[in-house]
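Now for the letters of each chain:
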Amino acid sequence: MTLTAPRAPAPPAPRRGRTVRRARARGLVGWGLAVALPVAFLAVFFVWPVAVMVGTGFVADGRLDLTGFAEVFSRPRTWRIVGLTLAQAGLATAVSVLLGVPGAYVLHRHAFRGRAAVRALVTVPFVLPTVVVGVAFRSLLVEGGPLGFLHLDGTFAAIVAALVFFNYAVVVRGVGGLWERLDPRAEQAARALGASPWRAFRTVTLPALTPAIASSASLAFLFCATSFGTVLVLGGMRYGTVETEIWVQTTQFLDLRAASVLSVVQLVVVAGVLVVAGRARSRRERALPLAVPDDAVRPLRLRRAPGLPERDPLAVVAAAVTAVAVLLVALPLVNLVVRSLRVGDRWGLDHYVALGTAGDGVLVTVWQAAATSLRTAVDATLLALVVGGLVALVLSRRPRRPAGRRALAGLDAFFMLPLGVSAVTVGFGFLVAMHEPFGLPVDLRSSPLLVPVAQAVVAVPLVVRTVLPVLRAIDPRLREAAATLGAAPGRVLRTVDGAIGARAVGLALGFAFAASLGEFGATSFLARPQNPTLPVVIFRLIGRPGPEAYGRALAASVVLALMTAVVVALCERLRGTTGGEW
Amino acid sequence: MSDGLGIRDVVVRYDGTRRGAAPSTAVDGVSLDVSQGEVVALLGPSGCGKSSLLRAVAGLEPLAGGAVTWDGEPVDDVPVHRRGFGLMFQDGQLFAHRDVAGNVAYGLAGRRRSDARARVDELLGLVGLAGYGARPTATLSGGERQRVALARALAPEPRLLLLDEPLSALDRSLRERLALDLRAALVATGTTALFVTHDQDEAFAVADRVAVMDRGRLLQVGTPADVWRAPAGERVARFLGYETFVPAAAAPEPVRAAVPTTPGAVLALAPGALVVEDGPLTGTVRAVLARRGRPAVRVAVPGLGEVTALAPLRAGARLVAGDDVALAVDPDAVAVLASEV
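Residue numbers (numbering that gives the first Met the number 0), protein chains in the order written: chain A, 0 to 581; chain B, 0 to 340.
Hint data in this document are derived by calculation from the structure and do not stem from the laboratory.
Hints should not be assumed to be uniformly reliable.
[To be verified] Computed, partial: chain A to chain B, Cβ under 8 Å:
no., residue
1, L253
2, D254
3, A472
4, A486
5, D496
6, A498
Just so it is clear, the structure is predicted and the values come from calculations on it, not from any experiment.
Just so it is clear, CB atoms sit at the ideal spot from N, CA and C, and this is done for glycine as well.
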């Protein structure tokens, strides 16, 4: 608004009508683009390759052929894999919740020295590349490893343990984020009414936390059920998930029909979990009496505090559980570093020195692969941020009409699909579909952009889920206040949504970058042999015989873990407040 | 009247949240004029539609019927940010990611930086927060936040300022003080204002005219004194605080004599219409209470029922439930209503 007298006359009427119409048209075009761009991106680089891939299994001689379902489901192997997937994911989710809820209580409801460090430590596994998690657990459990006497290498228990290691942080962050804002006075009221600490927790706090627990559990289940790199490294040929089985069927047995059927099975399972997660989330957005975190967080006291009649038994139990969990999280990480420094019977940096040489079936040095990984991840992150940011912006609108709200809900589900579709399917679909795409005489399979695009597809849901809750939490009246102060819609978007959403962008950046750096499922198909990314190299090395290759795999894992940790830590510093669900 | 804000037969409806749910009518054909420089209070109980009407005037809710005009020109197709109508929310809605000065300067985009800074300082001075510019909004108290919100809303010199219960979230003593400051700020800047509140004291303190609203309709518009002296019916009177209603014919003679009545009229008595002192009436004390430190009693008076009478401080200790006391009439707290239709 320009400098106006106190009672500025309105602009002349005829011009006004025209400018208003033009402004409205501009707004429509802008929002139209904001919807069309991500939809087009996902349609071309996700829906289409996946459809082509799945289609190869169900189209024979130009006709639809669904006999593949019956054939694949008549194999005992299929049932064993589906059963294994559900059992591993179910068990790992249950353990993650049992360990994670006390962890959330200690790490988000209490203050103590070193809390920030412990919180960072438990988050590390979540951003760690899945291949590294697999390597770290293997180095812990192999014969001669610190826990070799348990003879767990290559067992069901080892896979479940690795999945819990990875998903503990999902529960701690998801539940803790709500718990630290939960008004403590409801529980205090229950105590004043005569409830024991345990009863107050069970009857007041737990019900309030249930939506967050359900939401975190469904996410953890999702990550476990679609786990690829970790299970592939740890399970070998005996144990697997539907995801690793798709990889095995595609690359080892060249049975595309079985892979297609399994892709559909996975999509159905994941869609089911996403529906449950969505329900839990919408219930979570129901109003709860929330407090400012500072009011709800108390110092952690394990001994009876002076002036208090008793010590807090729940805090003691939770602290003990959390201490054990933190040790279990630290053990594989420390062991990985220690073992990477072990050369035969002595200590040394030999494995790290060897990172500078190629060999053992790998055409490039680990440093070259690391550079490739970084370059790829930067491109993928930028793509994911633009696409995911636009999606979050569109989804954060609240249309007046029910039809508009339903359209947004549909869009929301559509953009969560990459979370559910096997990354292996996406990767292989790229290979099939990008050769002469849409009949055009080009071969995009050799394009250097293929890997970043595939990684961006996988990272988009992470960006959306991180930025969207922050944008949705903006009081709509804040935008109204800006408008009544004379801000045009564009300026409202920039100064309100943009300024507040920017705080979540740091975190989204970190997650997208970590996801791209560690992405293995799709990349394993798409990375060219002369240009592999670091996870691909580590997987090659771990499959090679001999202590040198193994040592290099360990050292390379440490390098990849450090790269990820540094990037995520830098991005975390960018953000102001806790944002998102993870 | 073509000068200032015109509200003509405005209707606001909300669609049901679910498909097929019946829409609810929040504002049902309201007409009201606010002249330039005038402050009008929209007074009504919560849920009466006054906030919906305010949002419709601001352009935040679509009109289901009627028109909003400024100087006789319809503004229906002018988007919110071009109307030049400022809006101040009950909870301020300050931008947490900007400091105090950044909030006040938000509506000054496009001005020269030095001009904007001078204007921010001027307004912070006006609301009594000079020197607060660099403070983060999170460090402000409730009253300070509302002062900043007022400064922010006044900064772009809106041709009309809409205030949505701006003081309701504050405690009583602060509310009363801020109401005076608010009135002073509006008068000092010559701002035309439409002010929504459910507190009649606040409305009377701030506004030149009061419009009483209930169930989506306007019941009465007038100066505070007129509305108080002659409420347009029992609903308005009850909302203003009148508590006892008797047909004039049935009222005790001293009450009837206090105000000019017409046959068939109804007398409305506010707390304090009767005073405990030597007078012609006698009542039985039912309970002893206190109103802002002054003793008051619920007394049963033949012909009136139970009413609240004020007592002088010195009488306080002597008042005991069950006793009979002498009562006088204060004509300022007695109103005459036209007979109920």
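Cross-check of the supplied hints:
1. Because the smallest distance between the Cβ of A/L253 and any Cβ of chain B comes to about 50 Å, over 8 Å, the interface hint for this residue is violated.
2. Against a cut-off of 8 Å between C-beta atoms, the interface hint on A/D254 is violated, since the closest Cβ of chain B lies about 47 Å away.
3. Interface hint at A/A472: violated, since its Cβ lies 11 Å from the closest Cβ of chain B, which is beyond the 8 Å cut-off.
4. Interface restraint check: A/A486 against chain B, minimum CB-CB distance 5 Å, threshold 8 Å, status holds.
5. The criterion of a C-beta within 8 Å of any C-beta in chain B is not met by A/D496, whose closest approach is roughly 11 Å, and the hint is violated.
6. With a least beta-carbon distance of about 5 Å to chain B, the hint placing A/A498 at the interface is held under the 8 Å criterion.
In summary, the numbered hints that this structure violates are 1, 2, 3 and 5.
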